[in-house]
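Peer 1: Chain order of the listed sequences is F and G. For the first sequence, the residue numbers in my numbering are -7 to 299. For the second sequence, the residue numbers in my numbering are 2 to 308.
No wet-lab data here; the hints were simulated from the structure. Any given hint might turn out to be false.
[Said to hold, decoys possible] Example chain G residues on the side facing chain F (calculated, C-beta under 8 Å, incomplete):
{"id": "1", "residue": "Trp185"}
{"id": "2", "residue": "Arg246"}
{"id": "3", "residue": "Ala282"}
[What the hints assert, rightly or not] Computed footprint of chain F on chain G, listed as stretches where at least three residues anywhere in the stretch have a Cβ under 8 Å from a Cβ of chain F:
{"id": "4", "region": "68 to 74"}
{"id": "5", "region": "80 to 89"}
{"id": "6", "region": "126 to 136"}
{"id": "7", "region": "162 to 173"}
{"id": "8", "region": "225 to 231"}
Backbone N, C-alpha and C define an ideal beta-carbon position, used for all residues, glycine too.
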Amino acid sequence: MRSAGTSPGRMFGQMKRNWGLYLLLLPAVVLTLLFAYKPMYGILIAFKDYSPALGIADSPWAGFKYFEKFFNSYQFSNTIKNTLIISLYSLVTFPIPVMLALMVNQMRPNRFRRFFQTVSYMPHFISTVVMVGLMMILLSPSTGLVGNLYSLFGKEAPDLMGSAGLFSSVYVWSDVWQHVGWDSIIFIAALSAVDPSLYEAATVDGASRWHKIRYIDIPMLMPTAVTLLILRVGGLLGVGFEKVYLMQNDLNSTSSEILSTYVYKIGLLSSQYSFSSAINLFNTVINFILLIIVNQISKKMSENSLW
Amino acid sequence: MGILTPAVKENAGKIKNNRSSDTVMEYVMYAIAVVFLVILMYPLYFIVIASFSDPSAVAGGQVWLFPKGFTLDGYKELLKHQNIWIGYRNTILYTVVGTIIGLAVNISAAYALSRKDLAGRKFLSLFFIFTMFFNGGLIPTFLTIRDLHMYDTFLVMVLPFSVGVYNIIVARTFFQTSIPGDLWEAAQIDGCGNLRYFAQVVLPLSKAIIAVLGLWIAVGHWNSYFNALIYLKNPDLHPLQLILRNILITNQMQSGMGTGEAAQIALRLANMMRYSVIIVATVPIMCVYPFVQKYFNQGVMIGSVKE
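Could you put together the complete structure from these sequences and hints?
Peer 2: So, in structure tokens, the structure goes:
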């Protein structure tokens, strides 16, 4: 690394020699400039009264008007609360794929294990649209599986998809169902890197399976788990749009309006471009700050960090 | 046995005890695994048998383990809906073209970034990674796309969002760990340039990462509806997922309110199709996975969090 950029002349020579590498980078750089960096300039409209006729540069400044508008609206606390509830709830389920990986790792490498793994990945390939459609079918209180199960016992089923109180539970647990197998792959891969002689030595020392999990497997997974956890916390206010938007209906709207769906509705459905951008920017900045804080904490406590 | 130390002899008793507790643990573990399999598989199995069953039997809760009143009406109904097949064609086109573009852009950028002798490597990495955590947001990106005249075009579905920073990081780590540096030195002596080396030496050695990224990108294209929702207006360009959304979700929500005869007929047709449409939309992408599966546990994914 050090030798690469010490003198400008050498660096230039190296660039000239490696022109082919820059050519390989060119498409990705151009696309990133156009579709990731150019829109960043457009963030300016959050501080302006944007009018399409005038364009971004010539629209009049509005200062923090739209941020104040958001902070003073009743949707401010509501959307933030809903977003946080869903993401904190998801965070609590973070250990489940880890536990699944520990379990799979204990299975003997045979047909059953392969079958188990393949089946556990399958739901991951279901699209969000199909997944929410599936939930509406299966969780319907009148005709779905849940409805039928309840009626077997002569009880009335709750309307899971149409309940504000249960919205976050339905969202999070259906996510666990869909992605737990897939999310465990990375931990299974980490476990497969454990040196088998560690297990042999542990056996000789009289360690039980449980001891091996506790003192070999779990410490082995920590760096991977911490890195993924940091990324998750950094996305605390970034609950995805796709699934929540599809799950929204009039019955659960009080707890299903989150920041990203609100940004979409204000921006594209009611064309308040500046207002929508202000909410979006607020969201991005908070996420960015959270990521830096969590990364800093993790650096101090465990020497794991993203940078 | 003479070489065993006293400590090992003492442990021998412990090992025996652990054996029996290990066996109990193994039974418990496989029991949990079987329950887990049922929870994962049954909803999928139910959709399959429901798609071959008489809709009224499904709605009445008579379908549990086997199809009831076997019929192919659901599938026949699908054939009549032309927009589903237009959507299907569009999705296949977006997936194929989008995956080719995505692979080309990300793999070549990742390779260049994996080379230690690339001057400005650190800056270029940061240039990409920054966009993971900070972006212009919905409206500025939308305005950028519109200004570039890409709104409501085929291109918007395959090009602008093809750079995946996460994909680049995973592939970069793969190149760093599995392509030996000596190869490049040897190739240079033979007078081989960067581009030829990349095409003729690196790519043939990188089937695993190409397969894994290809699957990720393809699944993403097949399953996403967000970009289509935001950037497409013309129904002839709509991908399958957007059409599924109308059949599975929007129709179902309106069904509670519509009372007219037309609404009733529409609802009956939608109910008939909703199982078969799920099968038809999901099975193709699930079939891709087994071909790629062998690459997944090879530690390709672990690369993503190691660096």
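Peer 1: What hints, given by number in increasing order, does this structure fail?
Peer 2: Per hint list: 1, 4, 5 violated.
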